[in-house]
Amino acid sequence: MTDTQIQAPPSTPAPVAVATRPSARERGTRVLAALFLAPTIVGIVVFTVVPIAGSVVLSLFHWNVIDSPSFAGTANYREMFTDSTVLVSFRNTLVFMVFAVALQLLIALTLALAVNGRMPAWLRSVFRSAFFFPLVLSAASISVVMKYLFNQDFGVVNWLLGLIGIAPVPWLTSENSAMAAVVLVYVWQQFGFSFLLFVGGLNNIPKEIHEAAALDGATGLRKHLGVTLPLLSPTLLVASVVGIINALQVFEQPYVLTNGGPGDATRTVVMVIYESAFEQLRFGEASAVGVLLFVLIMAVTALQFRLSRRFVHYQ
Amino acid sequence: MSQATLTLSRTRHSLAPWARIAGLTVCALLTLGPVIWTLSTSLRTPAESFDLPPRIIPSDPTVESYRGVFDQIDVWLLALNSTLVTALIAVGQMITAGLAGYAFARLEFRFKKPLFGLVLATMMVPLQVTIVPVFLVLKSMSLTDTLLGLIIPAFPTAFGTFLMRQYFMGMPKDLGEAAMLDGAGPWRIFRSVYAPLATPGLAIVGVLAFNYHWNEFFRPLILETSGQNYTLPLGLVSLQGNLGTGSISVVLAGVVLSMIPAVAVFLVGQRPLREGITSAGVNR
Numbered sequence: 078m079t080d081t082q083i084q085a086p087p088s089t090p091a092p093v094a095v096a097t098r099p100s101a102r103e104r105g106t107r108v109l110a111a112l113f114l115a116p117t118i119v120g121i122v123v124f125t126v127v128p129i130a131g132s133v134v135l136s137l138f139h140w141n142v143i144d145s146p147s148f149a150g151t152a153n154y155r156e157m158f159t160d161s162t163v164l165v166s167f168r169n170t171l172v173f174m175v176f177a178v179a180l181q182l183l184i185a186l187t188l189a190l191a192v193n194g195r196m197p198a199w200l201r202s203v204f205r206s207a208f209f210f211p212l213v214l215s216a217a218s219i220s221v222v223m224k225y226l227f228n229q230d231f232g233v234v235n236w237l238l239g240l241i242g243i244a245p246v247p248w249l250t251s252e253n254s255a256m257a258a259v260v261l262v263y264v265w266q267q268f269g270f271s272f273l274l275f276v277g278g279l280n281n282i283p284k285e286i287h288e289a290a291a292l293d294g295a296t297g298l299r300k301h302l303g304v305t306l307p308l309l310s311p312t313l314l315v316a317s318v319v320g321i322i323n324a325l326q327v328f329e330q331p332y333v334l335t336n337g338g339p340g341d342a343t344r345t346v347v348m349v350i351y352e353s354a355f356e357q358l359r360f361g362e363a364s365a366v367g368v369l370l371f372v373l374i375m376a377v378t379a380l381q382f383r384l385s386r387r388f389v390h391y392q
Numbered sequence: 013m014s015q016a017t018l019t020l021s022r023t024r025h026s027l028a029p030w031a032r033i034a035g036l037t038v039c040a041l042l043t044l045g046p047v048i049w050t051l052s053t054s055l056r057t058p059a060e061s062f063d064l065p066p067r068i069i070p071s072d073p074t075v076e077s078y079r080g081v082f083d084q085i086d087v088w089l090l091a092l093n094s095t096l097v098t099a100l101i102a103v104g105q106m107i108t109a110g111l112a113g114y115a116f117a118r119l120e121f122r123f124k125k126p127l128f129g130l131v132l133a134t135m136m137v138p139l140q141v142t143i144v145p146v147f148l149v150l151k152s153m154s155l156t157d158t159l160l161g162l163i164i165p166a167f168p169t170a171f172g173t174f175l176m177r178q179y180f181m182g183m184p185k186d187l188g189e190a191a192m193l194d195g196a197g198p199w200r201i202f203r204s205v206y207a208p209l210a211t212p213g214l215a216i217v218g219v220l221a222f223n224y225h226w227n228e229f230f231r232p233l234i235l236e237t238s239g240q241n242y243t244l245p246l247g248l249v250s251l252q253g254n255l256g257t258g259s260i261s262v263v264l265a266g267v268v269l270s271m272i273p274a275v276a277v278f279l280v281g282q283r284p285l286r287e288g289i290t291s292a293g294v295n296r
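Each protein sequence line maps, in turn, to chains A and B. The first sequence finishes on residue 392 if you use my numbering, and the numbering steps up by one all the way, no holes. The second sequence finishes on residue 296 if you use my numbering, and the numbering steps up by one all the way, no holes.
Every clue listed holds true.
Footprint (simulated), chain A over chain B, 3 or more residues, beta carbon under 8 Å:
#1 35-43
#2 103-115
#3 131-139
#4 196-210
#5 229-243
#6 266-275
#7 278-289
The set of hints was computed from the structure by calculation and includes no laboratory data. Treat the numbers as computed from the prediction; the structure is a model and nothing was measured. Ideal placement from N, C-alpha and C gives every residue a C-beta, glycine not left out.
Take these sequences, add in the hints, and give me the full structure.
Next up, the structure:
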């Protein structure tokens, strides 16, 4: 295939009328474009576009793979709104999202500003690497580790808290604190992503602007709030959009740390999709939950872009 | 110029530099702490594994736990599976994203805009929304519980395509035009002029793919049902089931083993990884 491609253009002989040449070349370009795009477009159609349609269709059926599907109309959706596990999972996921994203952005922004301050170059790169490191680890295996660190009796977290006089917290076994532990583990691993975005965004702000602000007497916190933040707002938008989309899909941490418990305290939407499809073989119900999650993600993202029109400043 | 003003303002109103650096150091230790603890505990004897305060330097370091991992799970098989899956996906994504990115950046054809829009739109679609139908598609191809079933759907990459398009657009147009005047056809221009320049961009795609798929858990959990097709993260989580035997050192040794390639890629591919992530924010 590649050989004929290489051969083709020179085989259009030179003496051929000039007018026909561009069309041969254009045809060559179009064939090449089709070949280049085929793997990506076919893959996306087969493994994303068709499955989205498939999810919508499946959500209208009852199906356990073994028996033939039976049409359910909107039953799966109606059932979803009366199923306490599903409802709780949406509430949990939203609570998780709010705390995880807020904490992640706050930590990342603070650290990015601090790292951006004056210090030796080697030290800056040590800090940068340290904060970015957890991102390269697997969420599943790091959650295995965290399960021990958050153990009530012999976990290092409670031991550290003990040092400053705080009584042991039943992190993973109490309904009140399990979600907090899941959020902390998630944020610990994820904040480096927003951190890198912020470091990049801060580097893109022209130095002169800060110097001008300093000449006008803006200092410290005021400089950050009045000058840096507005200039950083496009990056803040991206970090929060990506953060929210990722947070709404949380799975590994609650799956490994608490398996959704205690009770349903940390059961998330994706855990419900997984359990109802692949443990209970309720493909229709699982698809309905998936479709709702998709709608939720689209809605939140659209809302964010709408709100951001008022707050995001482009240079 | 305004150096004096800046220095003055810093000392008066922002945090003193030493306090800032001390704070950053504490944060860095908290960030790396769990990893250091994992490493040190994996080298402790089972009896010492729960010690508090945690001894960072084990009093009697031993690799016994690592032997335990090899006894309990087939590390070699899991590592081989993970390596095969990750390497093939990384190479596959470099090829598909390189080709499609070039087409979107440099070739003229019909429906270019809507096709590119389609690719961008799929970046927003969460995997979990499509997983049930994807599972059924793979089942109809008899690819569930095979490594190929993990690999093939991961070949197209919307983000990688986007990244490579940006990358090719950043290259000077006149290089291709000069080659065209010399009589080179479109394939030749791609192959000999632009493709060789794209190596750093392709490295970003490859490193990102490696990092993501080496650690991937959700798809393997659903697709791979028999132990012989497990990847490392699945094997590790199953290792937890052996906790009854008493020592957490074995589990942590397993975690350390699975981290080694990820850390190696971090050390070697830090820059491409960082650039990939940063450009996710800057270019959109």
